[in-house]
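If you read the protein sequences in the order shown, they are chains G and F.
Residue numbering for the first sequence follows this note's numbering, starting at 446 and increasing by one per position.
Residue numbering for the second sequence follows this note's numbering, starting at 743 and increasing by one per position.
Mixed in with the good hints, there may be bad ones.
Listed below are the simulated DMTMM-like cross-link pairs for lysine to aspartate or glutamate, each with C-alpha atoms no more than 25 Å apart in a straight line [claimed, not checked]:
| id | chain 1 | residue 1 | chain 2 | residue 2 |
| --- | --- | --- | --- | --- |
| 1 | G | K729 | F | E998 |
| 2 | G | K650 | F | E998 |
| 3 | F | K1073 | G | D497 |
| 4 | F | K780 | G | E586 |
| 5 | F | K943 | G | E584 |
| 6 | F | K1073 | F | E998 |
| 7 | G | K562 | F | D782 |
| 8 | F | K938 | G | E586 |
| 9 | G | K520 | G | E584 |
| 10 | G | K565 | G | D676 |
| 11 | G | K639 | F | E773 |
| 12 | G | K590 | G | E570 |
| 13 | G | K650 | F | D782 |
Just so you know, the hints here were simulated from the structure itself, not pulled from any lab data.
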Amino acid sequence: MEERLKVIQDRIREKAKELLSNKTVDLIIGFGEGSLPLRTTIRFIRNPGKVDRLIWNSFCENNLSTYLHKLSQSKVGLVVKGCDARSIIALSLEKRFKPNQLFLIGVPCQRMVDRRKVSKAVQGEILQAVEEGDQLIVEGEGFKKVLNRNDFLYPSCQVCVHRTPIQANVLVGDPVEESPLIKTHPEIIEFEKKSPEERWRFFEKETSRCIRCYACREVCPMCYCAECFVDSSNPKWTEKGLSPSDLEFYHIVRAYHQTGRCSGCGACERACPMDIPLTYLTQKLNQDVKELFNFETGIDAEAPPPLSTYETEDKQEFIK
Amino acid sequence: MKLKLDKKDLKPFLQSLMDEYNLFAPAQLAEGVYVFRKIDHPDEVDLSCSNTQKPAKEVFFPQSETMFRYEKAGKQHQVTSAEEVERKRVILGARPCDIQAVSLLDEVFLGKEYTDSYYINKRNATTIIGMACGQPLSTCFCSSTGGSPFLRKGSDLFFIDLGESFLVELLTEKGKSFQKNKFFKEAKPEEISLAKAIEEKAVQKTDASVPIEGIEKRLDLMGESLFWDRVHEICMGCRVCTYLCPTCHCFDIVDEGEHQQGQRVRNWDSCLSPLYSLETSGHNPRPSCRERTRQRLMHKFSYFPTNFNKVACVGCGRCILYCPVHFDIRKAILWTSSKRPKEFDGGMI
């Protein structure tokens, strides 16, 4: 295992053990070994003797802040990357948890590897995967391939400029350099080259395979409405079937509801079983919010999202 | 006599099927994303995937299905049923796990008490061409759930991929009607032995160690076990595992439209959604993810066996592959067989 990641993993375990032993928290939520290569699962650890179940590698792709919505009664220690910590700040602005309910174990993130992209780079099932520096060595029946991990990063991770968690209670690694690998999300570049008609056709085609499992909604820390508009029957905003207009409606509203709230963690896209690109929409909204309001989600714990506040100097006429 | 279909004849064979039947087969919707769907051109069929994301149950029990349409004509409402199946159907390329799952759906929809005409009409009109699973994945555990990667039961015809050709077995009356199909040739002895070798290797590769045996009895003792307090914790409450499950069969019926005209539709539903068990009064008997996860596992491994004497899991592994938080149902099953299920601490999930 790569040395830097191993050091982080050891420090996560040490910190978790300390926090559980001195009862600073009731439980630690972190990442654990998955049953498949290229995957991790989530661990809820309560026993300080079991912190060795926590791991750290380039497949810790989930945003664990989503769990806070169902843990209002517990003091929680949470392992967070830069994007996850930004979600926490956004959630704190929306008063989603009590002060002092959380202890954030912040990991300066090495950017996460897109497991599907890796799987597509080989023929056959990957049965083993090892990280060594920038190399990702994958093996299966009759093949062994050495890949450069940087060729397989999630788009949301390639553009990330907040890899070091902000406002973490502790950092378990040295802060990392905050420069993006690429300036703009590759799918946004492609999307912006298209005419409005082509954009619509692209969106229409991609959303057409949605199965309404709502994985994108459920894994998103910012999607916590007691009743989502698609589930409401009175008033009924949308039908429950698979007609294109209903699928498109859901995806547009889901994305728009994130304006100024999305940390760009990419959890929605990673969760989709049908491989529907989703972050090109939310990242584009993030870009727009940055350009129009000079605002980035989850950077300033005092600054509410631009769409939930107003100023008398706002340029829109309707506000006056 | 064993038959074969050369791969160079596959497209004309598919075309000949389409002349007589509505053909349903795996098609690629995006790179690496496959579903069973009605085929309009043989080029759409893609048999290269190990298994589709959405299971073959969709052919018999679509995710969204119109039951009838209504329209107001004068003072009366005109109702047009959508029960009938207009054309014979053939499904090609379904894996043994998905076909075994159809036999479980049969228990529900063709049951002693109720028969579901929407399902039964499609079922009766369909010929099933099963596809042997020559390269099971590490997540496949059909051998643990009473199946096998080469299980023929449920198929009318059975194809085994030999590389250049498919070995063809005709298993039922429906299958035998293909005896004289002009694209089928006599298989050579070496092709038959190759098929055997592939079968042996695949069977050996499939995980038979998941302790399904006796799970119903074990769960009976675990209604209020601490297991349920822990096993659900990582679940984020989406519907991936239930919608991609070939055996899950819950649905919701809704009316779409207005007083003047509209349609009644049934859509897949999922016990993992809070809405599923929400009552009109506002009370929800399954208020949290704990109760909903328990329902999912109990239905598969306790209630279904009580009703039909078999578990409602065919070991296809989709829920393991596609779960956003990588919940592994095999580990949940394993834990129920632990000596101390009451002291479950979440460590294994």
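For each hint, the structure was consulted:
The hinted pair formed by K729/G and E998/F fails the criterion: a straight-line CA distance of about 34 Å is larger than 25 Å. Distance hint between K650/G and E998/F is fulfilled; the C-alpha atoms sit about 24 Å from each other, no more than 25 Å. Straight-line distance between C-alpha atoms of K1073/F and D497/G comes to about 19 Å, which keeps the hinted pair within the 25 Å bound. Annotation: proposed proximity of K780/F to E586/G is violated, straight-line Cα distance about 34 Å (limit 25 Å).
For the proposed pair K943/F and E584/G, the alpha carbon gap of about 20 Å is at most 25 Å, so the pair holds. Restraint check: the Cα-Cα separation between K1073/F and E998/F comes to about 41 Å, which exceeds 25 Å; the hinted pair is violated. With a CA separation close to 30 Å, the supplied pair K562/G and D782/F exceeds the 25 Å bound. Straight-line distance between C-alpha atoms of K938/F and E586/G comes to about 20 Å, which keeps the hinted pair within the 25 Å bound.
Taking the CA atoms of K520/G and E584/G, the gap is near 41 Å; set against the 25 Å cutoff, the hint is violated. Simply put, K565/G and D676/G have alpha-carbon atoms about 35 Å apart, too far for the 25 Å limit, and the pair is violated. Annotation: proposed proximity of K639/G to E773/F holds, straight-line Cα distance about 21 Å (limit 25 Å). A C-alpha spacing of about 12 Å is found between K590/G and E570/G, which places the hinted pair at or below 25 Å, so the restraint holds.
A threshold of 25 Å between alpha carbons decides the hint, and for K650/G with D782/F the separation of about 18 Å falls inside it, so the pair holds.
Consistency with the previously given hints fails for numbers 1, 4, 6, 7, 9, 10, ordered from lowest to highest.
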